[in-house]
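Same order as they appear, the protein sequences are chains A and B. Residue numbering for the first sequence follows numbering that gives the first Met the number 0, beginning at 0 and increasing consecutively. Residue numbering for the second sequence follows numbering that gives the first Met the number 0, beginning at 0 and increasing consecutively.
To be clear, the hints were calculated from the coordinates, so they are not data collected in a lab. Remember, predicted model here, so these are calculated numbers, not experimental data. It is possible that part of the hints are untrue.
[What the hints assert, rightly or not] Straight line, CA to CA, 20 Å or less: simulated SDA-like cross-link-like pairs of lysine to any residue:
hint : chain 1 : residue 1 : chain 2 : residue 2
1    : A       : 432       : B       : 314
2    : A       : 458       : B       : 423
3    : A       : 397       : A       : 364
4    : A       : 432       : B       : 230
[Said to hold, decoys possible] The following label-pair restraints were derived from C-beta to C-beta distances:
hint : chain 1 : residue 1 : chain 2 : residue 2 : range
5    : A       : 396       : B       : 335       : 30 to 40 Å
6    : A       : 206       : B       : 129       : 21 to 31 Å
7    : B       : 223       : A       : 190       : 25 to 35 Å
8    : B       : 408       : A       : 365       : 25 to 35 Å
9    : A       : 460       : B       : 226       : 25 to 35 Å
10   : B       : 390       : A       : 396       : 26 to 36 Å
11   : A       : 212       : B       : 226       : 32 to 42 Å
12   : B       : 126       : A       : 460       : 48 to 58 Å
13   : B       : 261       : A       : 307       : 24 to 34 Å
14   : B       : 225       : A       : 307       : 51 to 61 Å
15   : B       : 129       : A       : 396       : 46 to 56 Å
16   : A       : 467       : B       : 124       : 50 to 60 Å
We put the beta carbon where it would ideally sit given N, CA and C, even for glycine.
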Amino acid sequence: MAAHLSYGRVNLNILREAARKELREFLDKCSGSKAIVWDEYLTGPFGLIAQYSLLKEHEVEKMFTLKSGRLPSADVKNIIFFVRPRLELMDIIAENVFSEDKLHSSREFHILFVPRRSMLCEQRLKEQGVLGSFINIDEYILDLIPYDGDLLSMEYESAFRECYLENDQTSLYHTAKGLMTLQALYGTIPQIYGKGECARHVANMMLRMKREFAGSQNQILPVFDTLLLLDRNVDLLTPLATQLTYEGLIDEIYGINNGYVKLPPEKFAQKKQGEASKDLPTEPKKLQLNSAEELYAEIRDKNFNAVGAALSKKAKIISAAFEERHNAKTVGEIKQFVSQLPHMQAARSSLANHTSIAELIKDITSTNLYLSLVSASEAFFDNLTVEQEFMTGVDTDKVNTYIEDCIAQKDPLIKILRLVCMQSVCNNGLKQKVFDYYKREILQTYGYEHILTLNNLEKGGLLKPQTSSRNNYPTIRKTLKLWMEDANEQNPNDISYVYSGYAPLSIRLTQVLARPGWRSIEEVLKMLPGPHFEERQQLPAGLHKKRQQGENRTTLVFFLGGVTYAEIAALRFLSQMEDSGMEYIIATTKLINGTTWIKSLMDRPECQTP
Amino acid sequence: MMKSKPDEEDYWNSSKFKAFTFDDEDDEFSRLKESKQAVNSIRRLVEEDDDEDDVEKVSWSGEPVGRKTKTGSFQFSDSLSDSSVRLYAPELRKPKSEYKDYVSDWSPEETVHRMQQGKAVSLEKFRSLQDKLLLLDFSISAHDGNVITAVTLFTITFTVLFRELESRQTALRHFIHYLTETRDQRLLLELLRALGRTEDIALLQYKEHLSIADENKRRDFLKSCLSLPFSPEDSAHVQDHYTLLERQIIIEATDRQAERGGKVEIFQKFPRRASILNMPLITTLYYCCFYHYTESEGTYSSPLNVRQTFRISEKQFFVTALAARAKLKAWVDVDALFTSRNWLGFTRKKSPLGFHRVVDILQKNSAPTQVLQEYVGLVDDAELRISLAQKHKCHDIIINTYRDLKDRQQLLGYRGKVERGSVEERKINELLDNPQIRWKN
Chain A
0 MAAHLSYGRV NLNILREAAR KELREFLDKC SGSKAIVWDE YLTGPFGLIA QYSLLKEHEV
60 EKMFTLKSGR LPSADVKNII FFVRPRLELM DIIAENVFSE DKLHSSREFH ILFVPRRSML
120 CEQRLKEQGV LGSFINIDEY ILDLIPYDGD LLSMEYESAF RECYLENDQT SLYHTAKGLM
180 TLQALYGTIP QIYGKGECAR HVANMMLRMK REFAGSQNQI LPVFDTLLLL DRNVDLLTPL
240 ATQLTYEGLI DEIYGINNGY VKLPPEKFAQ KKQGEASKDL PTEPKKLQLN SAEELYAEIR
300 DKNFNAVGAA LSKKAKIISA AFEERHNAKT VGEIKQFVSQ LPHMQAARSS LANHTSIAEL
360 IKDITSTNLY LSLVSASEAF FDNLTVEQEF MTGVDTDKVN TYIEDCIAQK DPLIKILRLV
420 CMQSVCNNGL KQKVFDYYKR EILQTYGYEH ILTLNNLEKG GLLKPQTSSR NNYPTIRKTL
480 KLWMEDANEQ NPNDISYVYS GYAPLSIRLT QVLARPGWRS IEEVLKMLPG PHFEERQQLP
540 AGLHKKRQQG ENRTTLVFFL GGVTYAEIAA LRFLSQMEDS GMEYIIATTK LINGTTWIKS
600 LMDRPECQTP
Chain B
0 MMKSKPDEED YWNSSKFKAF TFDDEDDEFS RLKESKQAVN SIRRLVEEDD DEDDVEKVSW
60 SGEPVGRKTK TGSFQFSDSL SDSSVRLYAP ELRKPKSEYK DYVSDWSPEE TVHRMQQGKA
120 VSLEKFRSLQ DKLLLLDFSI SAHDGNVITA VTLFTITFTV LFRELESRQT ALRHFIHYLT
180 ETRDQRLLLE LLRALGRTED IALLQYKEHL SIADENKRRD FLKSCLSLPF SPEDSAHVQD
240 HYTLLERQII IEATDRQAER GGKVEIFQKF PRRASILNMP LITTLYYCCF YHYTESEGTY
300 SSPLNVRQTF RISEKQFFVT ALAARAKLKA WVDVDALFTS RNWLGFTRKK SPLGFHRVVD
360 ILQKNSAPTQ VLQEYVGLVD DAELRISLAQ KHKCHDIIIN TYRDLKDRQQ LLGYRGKVER
420 GSVEERKINE LLDNPQIRWK N
């Protein structure tokens, strides 16, 4: 299941194994049969660490979702709550425990906080009078979860909001802790670079933590040469743009959650032999997406316009392989063919799935303006056109007619916010008149309560009135070559292919850092928010790498506040470039896209009433 | 691995309560028919084999991992082996027996450090204000929100609170966050007021309205918000919010009565689907355009009055009225929306909205072809006009456009697409035969 984690430059399976080990140890501490009561939010991240089989081996017999009222009956010795440290969840647990005591007094209660214990929560349990009912109160430090062979995520959705709106830096503390764990397993990272306030904080904490443990030297040969810490607010533009890689589009359109995507089932209907019913499936089709699937690993980072060709090439190869059976004459040959069959079958079903997904996406993205005016694709195309205008700096200081029209036809609010924020970011703030106009139109159309959301976006710097008359964006765009007129989607030669022309700012910074170095872009770095810095960590003698000629260096890029799939694709592209000399491993607080990001910054009415 | 399947299925199926799987492959499995299973499960089997490998690695008990964690400076395992010692805020004390670990006299720095490591500490020895603040400052520099909040709560006595916290923004933020989470609204507002963060107070207070269900109470609450120190722009929006709800309550009461009375035709023909309360302004305007279109400007529900009161832009008003009247198939009203007289007294169609968007709105409300045709013809861009005309089968427009473009080839091509012997075909033939047209091709 997790073999794909160990194929990359850095074997991330070590990290996963460490996490599994700790989970087993905790489970064994509560001896006897058990039931787990889950904070539903945690099941996704946990799924990346362990399957049910692991839990079952450690006598977990039942699992329930945490909800108020009475706990379901289960004939087990232990009840374990797996929860995030949230006060509202403590109230539910207290309710569960209270109603339980009257019926069975023999069951033992435990709490496992993920990723950290919280004094406030324990205080709350005490106030509710149930703290004494728990035998074990523990924490499960799930800071960095291996997501794929080159990707780690904390799955910490609210990190950006907490850092930039609420000024709560707890997520940064967790980040630093996670990086210390990583260094304990993969060796001290000798060089640290960073850009942004949060990056500075994290680096400071890491350096202090290292000082505090100065007694015990880390004797592991460093796997990473460099750590680059990047604040999301250094590059607010990239997540707002629509991602145009295959994986990016799947995420934009259907949403990838903890490595899974749910798709409309129609295109996946399979003809079943010998079955009369031709009912279309109604349940969404759920697929896991990662590099364990060979075909997916090949196509996910391609621009969507290059996916069709890749799929048809693959189809030819698979057909040819199946045709081979006619050539198998001897028993030995037949045997060999049969032995390859499982692999071929897997390849075939993988191909079928991705062909279906590509079709689904094509229905939405491809336009033929003059023949088939399919309105979904028309909208997609128009939206993209406006995005590209903003990114190239066209008319960003005026009210945009397309946005106006979208508001008038009540398109989803998040779509509007994405565009308006993008215009604001590309214009270094909107002219007061334009800002007021959009604000009024939005409140009138979607409801006045969104004053709260608009204020949040303002606090986060995504949407703001212009304070100085100077717009830095054009300078940044030109210096960093953020817009490439002739992006090659089929055979890319530059990272700009991931947005069909726009090269993500964050990745340009990463690229320039590797070569020729940040000193060449001092001016631009000063225009972007927060300090930029470089730190070195001393290695014990004997751990200095002796680099072979032509051996690549490894950089861990950590995105504080989230990263998009298209940015990841761009980094993978850089890793694969022959002359780059650098391999990238990516870590983040959360995988995001414009929609999930804006959503995390909204104050939604439905969250207000408990 | 296959053997364990039935067990797992039993488990999932026998649980009466909503249980779930990590890996949805499992529940998909249970739905699959055998025949399909044979073919499609190949990949899954491969995966499960992998999984079994993992299980074996489990018993291999992670030698390399274990070794590495030990040589690592501080680790997973450390925090677990340490688990008998716990982190307790002062209020969360354990029985006396567990005290022995922290009788020692830790310095503020060590105390914070131990708290971060999850070890037990006593905060009570920090008695003087100076000691407390020192402790607070160390916790702040540790950046661990959990510790900062705990220390803040401990150090705070409300007399010194506001003054001292103001110079410690981080602790302050965590305290505010804590008050928000515990929903201690009163204290929170008091704190913000003392800090002079007036806009925050205003927004926070305003946010409360969302949890008031009763419309009259909500309206009164919004009214009470009007005096809050919002920024000037937000202040105007909140005023509008209040005015809107006030108005909605009046309209709702009147219309509900009219509907029940059964004498007003429009409510009989198109019964209201939902109450208008708490709907956005533009939705309210649509409602007014639908049910109260002809009312004079003096009434609360008159669209013109709504437009004026809330300073709705021309375009928004236009689009909303257009959609509402089109929905009712009141084509005369639709037509009137576009009509303006120029100074010579001729009427011509004018629209603050591109005509292709007009067509779009009309078409969504299933306008008949004759109506559509009129507006398709007004689309400026020739190519867009033709594509819309093709979509809506407005032959005349296509033919006329090709004629105006003097595009003989296209016209010839189009002749092939219209019905044999139809009026359109005859028209095309006439044009093609017309010697006065100077074709460009």
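Structure-based check of each hint:
no. : hint                        : result
1   : 432/A <-> 314/B             : holds (17 Å)
2   : 458/A <-> 423/B             : violated (61 Å)
3   : 397/A <-> 364/A             : violated (27 Å)
4   : 432/A <-> 230/B             : holds (16 Å)
5   : 396/A <-> 335/B: 30 to 40 Å : holds (36 Å)
6   : 206/A <-> 129/B: 21 to 31 Å : holds (29 Å)
7   : 223/B <-> 190/A: 25 to 35 Å : violated (57 Å)
8   : 408/B <-> 365/A: 25 to 35 Å : holds (27 Å)
9   : 460/A <-> 226/B: 25 to 35 Å : holds (30 Å)
10  : 390/B <-> 396/A: 26 to 36 Å : holds (35 Å)
11  : 212/A <-> 226/B: 32 to 42 Å : violated (55 Å)
12  : 126/B <-> 460/A: 48 to 58 Å : violated (43 Å)
13  : 261/B <-> 307/A: 24 to 34 Å : violated (60 Å)
14  : 225/B <-> 307/A: 51 to 61 Å : holds (58 Å)
15  : 129/B <-> 396/A: 46 to 56 Å : holds (54 Å)
16  : 467/A <-> 124/B: 50 to 60 Å : holds (51 Å)
Hint compliance for this structure: hints 2, 3, 7, 11, 12, 13 are broken, all remaining hints hold.
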